[in-house]
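The task is simple: from the sequences and hints, build the whole structure.
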Amino acid sequence: MVNVEKFIEKAVGEIRNAAGNEKVVMALSGGVDSSVCAALATRAIGDRLVPIYVDTGLMRKGETDRIRTLFDGNLLVVDAADEFFAALEGVTDPEAKRKAIGERFIRVFEREAKRTGATMLLQGTIYPDRIESEGGIKSHHNVGGMPLNIDFKGVIEPIADLYKDEVREVAGGLGLPVEIQHRMPFPGPGLAVRVLGEVTREKVAIVREANAIVEECLVEKFRPWQCFAALVGLGTGVKGDVRLHGWIVAVRAVQSRDGMTADPLLLPYETLSRMATRITAEIPGVARVVYDVTPKPPATIEYE
Amino acid sequence: MLPLYVVNNHGQFNHLILRALRDMDVEATMISNETPPAEVARGCRGIILGGGPTLDRIGAAPAYLDLGLPVLGICLGLHIMATARGGAVRRGASGGFGAVEVDVLDRDGILQGYPERMQVWASHADEVSVVPEGFVRLAESAICGVESMASPDERLYGVQWHPEVSHTVNGRLLLENFNRICSE
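Taken in order, these protein sequences are the chains called A and B.
Quick note on numbering: our numbering labels position 235 of the first sequence as 235, and the sequence is numbered without any gaps.
Position in the second sequence (from 1) plus 304 gives the number in our numbering.
Worth flagging that the hints you see were computed from the coordinates, not collected in a lab.
Positions of the beta carbon are idealized from the N, C-alpha and C atoms, including for glycine.
It cannot be assumed that every hint is accurate.
[To be verified] Pair by pair, the computed Cβ-Cβ distance ranges are:
hint, chain 1, residue 1, chain 2, residue 2, range
1, A, 298, B, 333, 47 to 55 Å
2, B, 416, A, 221, 38 to 46 Å
3, A, 234, B, 357, 43 to 51 Å
4, A, 239, B, 328, 51 to 59 Å
5, A, 43, B, 333, 28 to 36 Å
Here's what the structure looks like:
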């Protein structure tokens with residue numbers, strides 16, 4: 001495990017040296033990686049760091065407001081929901097969805113970063129991203145710089161030698177709120193990967209409510225590594241004597257150290273039952289709730 | 305002291321091997337499986353062949369078995385060892401995904417200190433069907449006859465499961481045993 005005090009001191013020094021007198025821009029998602037980077041860089045160069053938060057319209061319930069409260073000051077919040085939903089129209093293939101979102105994100109960030117006049121880019125790349133990209137397992141867009149049409153003088157990656165659980169230790173050492181330190185991983189493409197098939201505003205609204213209910217029922221009591229809800233398809237239900245061709249919501253809750261392997265939580269039946277009741281009662285379009293009991297491998301944690 | 309080399313065979317857990325070694329304070333470097341064997345022989349005191357999706361992308365990895373250095377093959381690394389030494393690999397009747405109960409047949413050497421039965425995590429469709437000459441089986445399970453094998457004289461060891469993932473119970477012990485063998 002990383003020595004937190006030493007790491008912070010060294011990272012702050014390195015950021016200060018790398019940045020010189022330049023202005024530095026970064027994409028802040030509010031996840032633990034980018035939050036730790038923002039906190040380190042703020043210690044190093046103060047308000048010469050400009051964090052940009054892109055609201056893709058695919059965020060969790062209340063997330064954007066919460067990030068705004070947690071990171072006041074320099075944070076630049078960009079509402080880009082319309083652009084993202086337009087880019088996703090008619091796209092059903094999971095990889096095509098991820099690509100459409102990644103591409104749109106980069107273009108929005110590029111546009112906003114240019115406006116700030118920053119000359120350096122800071123990124124929250126962590127160690128497994130680097131190894132996986134070098135090894136050709138999968139390419140991470142943030143390794144070696146996002147493909148931006150901006151000629152930055154340099155890219156700073158302060159946590160590139162750390163694993164996720166070590167980043168959480170550093171978050172504690174930096175005095176970040178517990179909420180951020182233990183924030184569940186949230187995928188880059190947001191709720192889009194929790195809607196199978198085409199992504200629309202209506203479906204995202206439903207899955208957002210379902211995610212909020214699952215988190216309310218599970219996070220504090222069971223401390224899962226990750227938990228969420230996904231819209232997996234349509235099925236027949238009957239609500240108030242009326243037939244409903246409604247959504248099937250899959251609930252997933254797993255334990256893991258690093259996301260590489262995972263085991264479903266053995267939840268009490270009454271908890272499962274309460275989630276099913278709440279999700280079907282509070283969200284009109286949902287007809288059915290199922291619990292996913294597959295480990296990783298063979299399944300992945302997210303659905304797409 | 306020279307580092308251990310972790311050979312990247314394009315498996316998603318390969319970097320976790322590095323992490324496990326780092327947590328043990330053992331110096332280790334990940335190398336491409338295209339690295340020339342002579343360079344590997346000069347640079348390390350032991351080799352871990354990581355897992356991966358296919359025997360079609362193992363580069364020069366089979367040649368690393370002939371350098372006189374200790375080798376630990378994990379998952380596909382085990383299959384590389386089996387096929388390079390005249391054994392065989394086939395699609396298993398049942399894949400091993402997630403938790404697997406393994407019976408340890410030989411609790412010396414690489415599996416020293418483990419109980420007779422233990423839970424490990426695996427992710428494989430293929431398995432060793434013919435153990436090469438000079439090798440002995442070290443562990444088996446209900447779904448796979450060769451969960452582990454070794455040629456102790458040559459210090460070649462293979463396991464079908466993944467000691468580097470956190471869900472394998474006490475996987476670290478296996479890596480500690482291998483590190484000890486590499487230090488002898």
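*Hints broken by the structure, by number, lowest first?*
Of the numbered hints given earlier, those the structure breaks are 1 and 3, listed in rising order.
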